[in-house]
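Let the hints inform the model, and build the full structure from the sequences given.
Now for the letters of each chain:
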Amino acid sequence: MASSSHPAVPPRGQTLVESLERHRETIMERIRQANGMTEREVLAVGNSLKLIVDEARSYVAESRETLEVFASTNVSDMLERHGSVMSGFVETMKTQVSAQGAAAAQATEQINRIVELGRTIERVTMESKILALNANIQARRLGVAGESFQVIAQEMKHFSESVNDANKTVQELARGLLNVLPRISSLAAEMRKTSEGFSADINHRVTEVAHTNSEMKRGVAASMAAGEARLQQILKLSYDALSHLQFQDTVAQQLLGCQHQMHDAINEVNRWLASGEDGLADAKAEEARQVEAATEIASGDVMLF
Amino acid sequence: MGKKILVVDDSATVRQQVGLALTQAGFDIVEAVDGLDGVDKMNQVTDISLVICDVNMPRMNGLEMLEKVHADKKHMTVPVVMLTTEGQPELVERAKKAGAKGWIVKPFKAELLVAAAKKLTAA
Chain E
1 MASSSHPAVP PRGQTLVESL ERHRETIMER IRQANGMTER EVLAVGNSLK
51 LIVDEARSYV AESRETLEVF ASTNVSDMLE RHGSVMSGFV ETMKTQVSAQ
101 GAAAAQATEQ INRIVELGRT IERVTMESKI LALNANIQAR RLGVAGESFQ
151 VIAQEMKHFS ESVNDANKTV QELARGLLNV LPRISSLAAE MRKTSEGFSA
201 DINHRVTEVA HTNSEMKRGV AASMAAGEAR LQQILKLSYD ALSHLQFQDT
251 VAQQLLGCQH QMHDAINEVN RWLASGEDGL ADAKAEEARQ VEAATEIASG
301 DVMLF
Chain B
306 MGKKILVVDD SATVRQQVGL ALTQAGFDIV EAVDGLDGVD KMNQVTDISL
356 VICDVNMPRM NGLEMLEKVH ADKKHMTVPV VMLTTEGQPE LVERAKKAGA
406 KGWIVKPFKA ELLVAAAKKL TAA
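The listed protein sequences derive, respectively, from chains E and B.
Per this note's numbering, residue 1 is the first one in the first sequence, and the count goes up by one each step.
Per this note's numbering, residue 306 is the first one in the second sequence, and the count goes up by one each step.
Derived by calculation from the structure, the hints in this document are not laboratory data.
Note that the structure is predicted; figures quoted are calculated from it, not measured.
Virtual Cβ for every residue (Gly too), placed ideally from N, Cα, C.
Mixed in with the good hints there might be a few duds.
[As the list claims (entries may be wrong)] Here are the simulated SDA-like cross-link-like pairs (lysine to any residue), alpha carbons at most 20 Å apart as the crow flies: (1) B:414 x E:240; (2) B:414 x E:244; (3) B:402 x E:302; (4) B:424 x E:302; (5) B:402 x B:382; (6) E:168 x E:128.
[What the hints assert, rightly or not] Computed footprint of chain B on chain E, listed as stretches where at least three residues anywhere in the stretch have a Cβ under 8 Å from a Cβ of chain B: (7) 36-46; (8) 188-197; (9) 238-247; (10) 250-261.
Written as structure tokens, this is what we have:
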């Protein structure tokens with residue numbers, strides 16, 4: 001108690017000093033309570049701030065992980081590989097269809113030669129027939145002596161007729177084939193055309209998907225950058241909030257200063273009561289000296305030596 | 306694992322605020338409630354890269370702790386920054402003579418604190 005160090009204080013003054021001491025104790029208790037309360041609240045706000053930043057950080061990290069997995073999937077390469085297999089298949093098909101067309105053309109040419117050969121056979125059988133007829137006439141002229149020639153002439157006639165019949169059948173089959181082969185060639189040409197169209201369509205679709213994929217990748221990169229920027233903004237805001245939260249310690253220090261000041265005031269009253277005006281003048285001179293000496297560094301300054 | 310910073314302050318809110326600012330910048334934090342606790346933590350925890358220390362604390366104040374830490378060969382190279390509401394030149398001068406690497410007056414700006422920590426812990 002400050003009053004106990006000043007026994008020279010008169011009784012009435014002693015009562016005043018004791019009353020001031022009681023007030024000081026009450027004020028100190030209230031200050032302790034206020035400090036405790038603001039400390040608890042500020043700590044709670046600080047914890048919430050930490051959770052907010054941690055949540056934002058986790059969210060950005062998880063998003064980045066997912067987006068990186070997506071971005072690393074090389075859809076373009078995959079498409080190129082599949083497209084290349086498909087193109088190879090279509091090219092093989094085109095080659096085979098071309099070969100089929102060429103074979104049909106070759107077959108047509110050979111059948112035309114068979115038809116031509118058939119005409120030769122027809123001519124030969126006609127000549128054989130005429131020959132057989134002449135031989136028959138000559139044999140009849142010879143009478144009995146020509147009877148055997150007549151038999152041969154008859155056989156020759158039958159033979160040429162058989163050959164002629166066979167030739168006709170071959171010609172009919174050849175004509176039938178000649179009717180079918182152009183259709184085969186035409187189908188082969190159509191197939192080739194369809195294959196070419198299909199190949200072009202596949203290439204177009206691959207290009208389209210590759211383009212969409214590259215657009216999506218650009219979108220993913222932009223999204224990742226935006227997430228990072230947001231996180232930086234949240235960090236900045238949390239730093240601002242931290243700066244504001246520091247009022248608690250400053251207020252606590254100020255209140256502690258009030259306590260000391262109250263204590264000094266009581267001592268001053270004590271000195272005044274004990275020594276009269278001179279004691280007070282000495283105290284004021286000391287205070288002025290202290291104020292003059294204190295050229296302080298301002299709040300928030302960071303000074304590295 | 307980030308670099309370890311010892312934060313010595315008798316105010317729980319200041320320890321929390323300094324801790325939050327520095328952990329968000331990737332540092333690991335060790336806390337002490339006064340100078341005596343700070344000296345103990347220096348001896349218990351290895352690889353402390355920086356000490357951020359209040360001046361006015363019970364049992365042992367920040368300047369006493371600074372002098373004690375720098376008198377110890379094991380810790381004399383660890384940089385110490387004072388973080389306080391005090392700004393009197395004589396205190397700053399005493400800290401400088403005792404080997405402090407900086408003086409920050411509360412309330413501090415988190416970005417500046419982080420920048421100072423990064424600079425002083427850079428290899």
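Here is how each hint holds up against the structure:
1. B:414 x E:240: holds (8 Å)
2. B:414 x E:244: holds (9 Å)
3. B:402 x E:302: Roughly 18 Å separates the two Cα atoms, so the pair holds.
4. B:424 x E:302: holds (12 Å)
5. B:402 x B:382: Given that 20 Å is the threshold and the Cα spacing comes to 14 Å, the pair holds.
6. E:168 x E:128: holds (16 Å)
7. 36-46: Per the Cβ count (4), the hint holds.
8. 188-197: violated (count 0)
9. 238-247: This one holds; 8 residues, not fewer than the three required, reach chain B with a Cβ under 8 Å.
10. 250-261: holds (count 3)
Figure legend: structure checked against the earlier numbered hints; the only hint not met is number 8.
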